[in-house]
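Enquirer: Residues per chain, in single letters:
2 protein chains.
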Amino acid sequence: MKKHNFSAGPCILPQEVLKKASDAILNFNNDNLSLIEISHRSKPFVAVMDKAISLVKELLNLPEGYSAMFLQGGASMQFLMTSYNLMKVDGKAAYLDTGAWSSKALKEAKLFGEVDVVASSKDKGYNYIPKNYTIPSDTDYLHLTSNNTIYGTQLKDFPKTEGLLVCDMSSDIFSRQIDFTQFDLIYAGAQKNMGPAGATLVIVKDEILGKTGRKIPSMLDYQTHIDKESMFNTPPVFAVFTSMLTLQWLKDLGGIAAIEKINEEKAALLYAEIDNNPAFVGFAAKEDRSSMNVTFNLTDQNNQEKFDKLWNEAGINGLKGHRSVGGYRASIYNALPLESVEVLVNVMKQIK
Amino acid sequence: MKKHNFSAGPCILPQEVLKKASDAILNFNNDNLSLIEISHRSKPFVAVMDKAISLVKELLNLPEGYSAMFLQGGASMQFLMTSYNLMKVDGKAAYLDTGAWSSKALKEAKLFGEVDVVASSKDKGYNYIPKNYTIPSDTDYLHLTSNNTIYGTQLKDFPKTEGLLVCDMSSDIFSRQIDFTQFDLIYAGAQKNMGPAGATLVIVKDEILGKTGRKIPSMLDYQTHIDKESMFNTPPVFAVFTSMLTLQWLKDLGGIAAIEKINEEKAALLYAEIDNNPAFVGFAAKEDRSSMNVTFNLTDQNNQEKFDKLWNEAGINGLKGHRSVGGYRASIYNALPLESVEVLVNVMKQIK
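Listed in order, the protein sequences are those of chains D and L. Those letters in the first sequence? Residues 1183 to 1534, by our numbering. Those letters in the second sequence? Residues 1183 to 1534, by our numbering.
Don't take every hint at face value.
Straight-line alpha carbon distances no greater than 27 angstroms define the calculated DSS-like cross-link-like pairs of lysine-lysine that follow [stated by the list, open to error]: (1) D/K1393 x D/K1202; (2) L/K1184 x D/K1410; (3) L/K1342 x D/K1225; (4) D/K1393 x D/K1286; (5) D/K1270 x D/K1342; (6) L/K1270 x D/K1289; (7) D/K1202 x L/K1184; (8) D/K1202 x D/K1225; (9) L/K1410 x L/K1443; (10) L/K1397 x D/K1397; (11) L/K1443 x L/K1531; (12) D/K1270 x L/K1270; (13) D/K1270 x L/K1342; (14) D/K1393 x L/K1286; (15) D/K1274 x D/K1225; (16) D/K1410 x L/K1531; (17) L/K1410 x D/K1393; (18) L/K1397 x D/K1393; (19) L/K1491 x D/K1289; (20) L/K1225 x L/K1292; (21) L/K1289 x D/K1397.
Just so you know, the hints here were simulated from the structure itself, not pulled from any lab data. Nothing here was measured: the structure is a model prediction, and the numbers come from that model.
Sequences and hints are given; from them, build the entire structure.
Expert: In structure tokens form, the structure reads like this:
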């Protein structure tokens, strides 16, 4: 029996994507060769990369003037690449600190220039999104983390800034309708709503590059990868292919508008149980609750053994909360079916 | 019918590895979950990473004091990471220029300090390995490329230097017996003898790190990845898993000593045909011929149509030479069976 996979990432992918990815490892494109043993410059793979990039632009409704790249190194590599590419020599950047990932991002930025933390929710263990903060007008960019997996918080609105707007969307890209053109740079590790670990999507407004005065190593320079259409060196073939399959699955489903509706339904069902069942308490501030990662705990820890036994028996996987928050975390990414949330809620109803 | 895959990279992998990798995409570890949808910090995947690292050390016969890492970004990312980690502020590095990859490596090093090209074979289109050059005594390290895929040349001996010795072994690691302890740092993209594109193996002598006086971004600092056992951030799960399977296949076969014998047999067979058949001519200088990439051309281009038709009909794939050299390139990496070389040689015998 396939499990109900609430893993925080790497996480569930559509079953049909897994099937196609598995098949391609044995025989890709009916060429009697594996996807992973052919040249990345062969026509069949170049077509995969082109399609992946074009699906990204189509699904996010990006106009001309934006480039999309598939890189390596995860969001962690983007923490330094954003600064390297966007922070001027003797420049300054603003960061909104909404959790561990924001903190790691701003730590790397400090190697490149001055960092202004415009607000932080660290005072309350990052269980809310700071509001009403001031963004200095002289910063090269403002960096945001749209969704905070560990704490289950999510930015519902995005601030305006005079500088560039940069957003780490690793854990909620392709999950909800946003005007993506309000950002100058977006990055996202593939391993939530897009594909397996090993690829990182970067979207950038072309006109913002090349203005820092820095000499950037080739592999860290976005312009390198744009010019070579993500083929400056051998790309992570399998991760790009599987991401392409997931993006195609999303398009066939009706795109972001369609998945957003399902995601809202899943989140509403789960948060309702947390709010209505006195045996549970949510972690994140209500107005900042994530539609991707639902964090909660038992009000009475004496119920832990029973609850853990029940969800394990129900075939649920990956429900343990992050060690820094404790309790439980149900990650309900795009590929998680509503049925899995129903199974979880039914288990929760047995705890009173 | 499975093809005879002479692709230069990504390249052929053992059929049993492809089968196991394909299976794991659907159900890994009999947990009813895909390899690519579980946490990289779960016990089953941590065991994969540990095994991959331990197989590397065992197969290369590395003593205590060496660390092995699986990173992202390919050898191209190592071009800058080696300089970042090993070249002192106001330091100097020596490079042996044996081809396009050496050139790219030294180009990146120039961003970090002075680069001394100790010798180059560019004068003859990189068809040989320079010898009898002088290595300055004041360089932080000497950088070598052990095998040059494009030209089909390979270093048979490695020079001694007073500084550190760094080697890009992307295209011949695990293919021949070498005293790997003569190197202070070795790196290799996975996509030749190890696994799919998307993982990069780095081996470093621990004591050489942390001595440059540079502040290194976390993701570019080898020490970060050593301390976190290649789990500082989400690793390229599929590429590491498949590399582990290939390393296990190599161990079961008898390790590097066993594969070296087979590789020598394959290379001898193919080079003999090139030398004995007047219809063909080799590209690389005989004493520098690679046992991984065999570059050759037709002596009479009028035979091209006939030859191309014959090898295509024989189910051969990936024989076209690199655009900068032309002609043909038969890449005969570890996983390519002797039988495939026999098929190619039989086709060549039909050209006279």
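Enquirer: Against this structure, judge whether each hint is valid.
Expert: Okay, the hints, checked on the actual structure:
1. A distance of roughly 42 angstroms separates the Cα atoms of D/K1393 and D/K1202; the hinted pair therefore is violated under the 27 angstroms criterion.
2. As the CA atoms of L/K1184 and D/K1410 are separated by approximately 32 angstroms, the hinted pair breaks the 27 angstroms bound.
3. About 43 angstroms separates the Cα atoms of L/K1342 and D/K1225, which puts this hinted pair outside 27 angstroms; it is violated.
4. Note on D/K1393 and D/K1286: the hinted pairing holds, with a Cα-Cα distance of about 24 angstroms set against a maximum of 27 angstroms.
5. Between D/K1270 and D/K1342 the alpha-carbon distance is near 20 angstroms, which keeps this suggested pair within the 27 angstroms criterion.
6. In summary, the hint linking L/K1270 to D/K1289 is supported, as the alpha carbons are separated by about 23 angstroms, within the 27 angstroms threshold.
7. Using a Cα cut-off of 27 angstroms, the hinted pair D/K1202 and L/K1184 holds, with the two alpha carbons roughly 19 angstroms apart.
8. A C-alpha spacing of about 19 angstroms is found between D/K1202 and D/K1225, which places the hinted pair at or below 27 angstroms, so the restraint holds.
9. Annotation: proposed proximity of L/K1410 to L/K1443 is violated, straight-line Cα distance about 37 angstroms (limit 27 angstroms).
10. For the hint linking L/K1397 to D/K1397, the alpha-carbon distance of about 16 angstroms falls within 27 angstroms, and the restraint holds.
11. With a C-alpha separation of about 24 angstroms, the suggested pairing of L/K1443 with L/K1531 holds against the 27 angstroms cut-off.
12. At most 27 angstroms may separate the alpha-carbon atoms for a hinted pair to count; D/K1270 and L/K1270 meet this at roughly 24 angstroms.
13. Restraint check: the Cα-Cα separation between D/K1270 and L/K1342 comes to about 42 angstroms, which exceeds 27 angstroms; the hinted pair is violated.
14. A distance of roughly 24 angstroms separates the Cα atoms of D/K1393 and L/K1286; the hinted pair therefore holds under the 27 angstroms criterion.
15. Of the supplied pair hints, the one linking D/K1274 and D/K1225 is violated, its CA atoms being roughly 43 angstroms apart against a limit of 27 angstroms.
16. A distance of roughly 40 angstroms separates the Cα atoms of D/K1410 and L/K1531; the hinted pair therefore is violated under the 27 angstroms criterion.
17. The suggested pairing of L/K1410 with D/K1393 is violated, with an alpha-carbon distance near 35 angstroms, which exceeds 27 angstroms.
18. Between the alpha carbons of L/K1397 and D/K1393 the distance comes to roughly 23 angstroms, so the proposed pair stays at or under 27 angstroms and holds.
19. With a CA separation close to 58 angstroms, the supplied pair L/K1491 and D/K1289 exceeds the 27 angstroms bound.
20. The straight-line distance between the Cα atoms of L/K1225 and L/K1292 is roughly 42 angstroms, outside the 27 angstroms bound, and the hint therefore fails.
21. About 12 angstroms separates the Cα atoms of L/K1289 and D/K1397, which keeps this hinted pair within 27 angstroms; it holds.
The earlier numbered hints that this structure contradicts are 1, 2, 3, 9, 13, 15, 16, 17, 19, 20.
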